[in-house]
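These two chains come separately, so use the hints to put the complex back together.
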Amino acid sequence: MKDVIIGIPIQWYIYLSVTLFCIGVMGVLYRRNAIIIFMCVEMMLNAVNLLMVAFSRYLGDSSGQVFVFFVMVVAAAEVAVGLAILMMIFRNTKSTDIDALNKLKW
Amino acid sequence: MLSQYLFFFLSFVAVFSALLVIIDKNPVHSVLYLIVTFFSIAGHYFLLNAQFLAAVHIIVYAGAIMVLFLYVIMMLNLNKEIEPHKKNIPKVIAVVSACLLMMVFVATLKGAETTMLTSAKNSNVGLVENLGKVLFNEYMLPFELSSVLFLAGMVGAVFLSKKEIH
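These protein sequences, in sequence, are chains A and B.
Quick note, the first sequence lines up with residues 1 to 106 if you use our numbering.
Quick note, the second sequence lines up with residues 1 to 166 if you use our numbering.
These aren't lab readings, by the way, just hints derived from the structure by calculation.
As the structure is a computational prediction, the values presented were derived from the model and not from experiment.
Glycine included, each C-beta is placed from N, C-alpha and C at the ideal position.
Do not rely on the hints blindly, as some may be mistaken.
To be verified - Beta-carbon label-pair distances, calculated as ranges:
1) B:4 with A:98: 39 to 47 Å
2) A:101 with B:89: 34 to 42 Å
3) A:102 with B:26: 20 to 28 Å
4) A:74 with B:16: 23 to 31 Å
5) B:89 with A:91: 29 to 37 Å
6) A:98 with B:137: 38 to 46 Å
7) B:164 with A:101: 15 to 23 Å
8) B:90 with A:85: 34 to 42 Å
For reference, chain B alone in the conformation it holds in the complex (with noise of 0.2 Å):
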């Protein structure tokens, strides 16, 4: 099945990619293996038929969060390994407590009877067209007080990096 060699694909670069994130040392190497994972992400929203969401992730993520990341460490100048020496019972304490969380997950998963999807109906939840008419009709009020949130952050943003004037 074409379909699931494409799952499988995508689902070890997402994960593998991930992993890289935290192990490398370089934060600017982690950024962009950050980004591979957004797009495998995004590859997944394809295989879901979401294709608004799919768009709207690469150009959101990709696009704004990934580069104001990129300035940042730019600005800050941390292209390089600066992270100092930190002593290993923390790292294998992160470690472990990681993996009991991911046991405690797929302990309460693993009686789940397989759900599939048997035939194509309802595949167009996600085209824009759908989306637009619920977000328009139903979600209007948090549209618009999202527009507020944006405003806020902003202004948020601009103050708090101000340089103080004495």
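The following block holds chain A by itself, in its conformation from the complex (with noise of 0.2 Å):
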């Protein structure tokens, strides 16, 4: 595992996660369930720590995996947390629906 990563340059992981951040976007704004709206911004937060473990092996430098793993720290956090939400609003409007929320727009 030591000299593996020799012969990829890093902007094939910078497209990577250009590919996977945009997939994220799309799906949040393509599909109106809750659930998959965050399962969209996990992808979004996963696809910016593959693109700091990458830049952090190639500086040789190991803060950016430090903040990895802190953006993984506040990732949990913020599912725990959005997900009881998820199950109020589940249990006030009988639907994960977003559009059910419209009233939140004014």
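Spelled out as structure tokens, the structure:
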């Protein structure tokens, strides 16, 4: 595993992360189920994490990986609170459709 | 080159299952595809020699977060295609705007020169020993603060999901 990364330019990792991020953005805009939207947000966080790990490895600096660790911590807390909010919404509106929440618009 | 084939395989699996997360109508299938995406990202972490993060990623995401998602879907009884039919115009707008964002990123990166690692120096930045040293020396305060964040998140989740008593 030591030098397996030699031969892969960092651009490939950047393009992969960008693709995953854009798929996440597309999912947030495309779906109306709030749970799927949450999952797409997780996917975007993961794309950024992958990019930070790649940069940290190519730079030889471990601060990036510590930051990824903190992003994971925040993502876990966010999912716990977000799903609790989702449960509450489901209890009130009997669906997870985000269009049922259009009273929040004004 | 074996590592390049490995990179392409993992990337293909990640992108393909990420697309299936969006396309599939059944939320349970979406969760399972997202787990596949997370495992291929963990494979990328192994490829980048970030072994600690790969293990933490599998434990936290596949082990905790996705189980939480599955529990919520099970509890809300969403394991069927209940999503109502949506008009086609918002879908088209979503795809077009995501493609435009992708175009912006690609156009930004187009002129960049190719950077490769030439030697295996600093290859052990992702090992537990080095990460632990950095985490508990330079990032001690954020580490402790993240535990406060977790406590706040836990209290918030319990408070929100508690049934209101009148």
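Do the hints match the structure? See the list:
no.: 1; hint: B:4 with A:98: 39 to 47 Å; result: 41 Å, holds
no.: 2; hint: A:101 with B:89: 34 to 42 Å; result: 20 Å, violated
no.: 3; hint: A:102 with B:26: 20 to 28 Å; result: 25 Å, holds
no.: 4; hint: A:74 with B:16: 23 to 31 Å; result: 28 Å, holds
no.: 5; hint: B:89 with A:91: 29 to 37 Å; result: 31 Å, holds
no.: 6; hint: A:98 with B:137: 38 to 46 Å; result: 44 Å, holds
no.: 7; hint: B:164 with A:101: 15 to 23 Å; result: 19 Å, holds
no.: 8; hint: B:90 with A:85: 34 to 42 Å; result: 23 Å, violated
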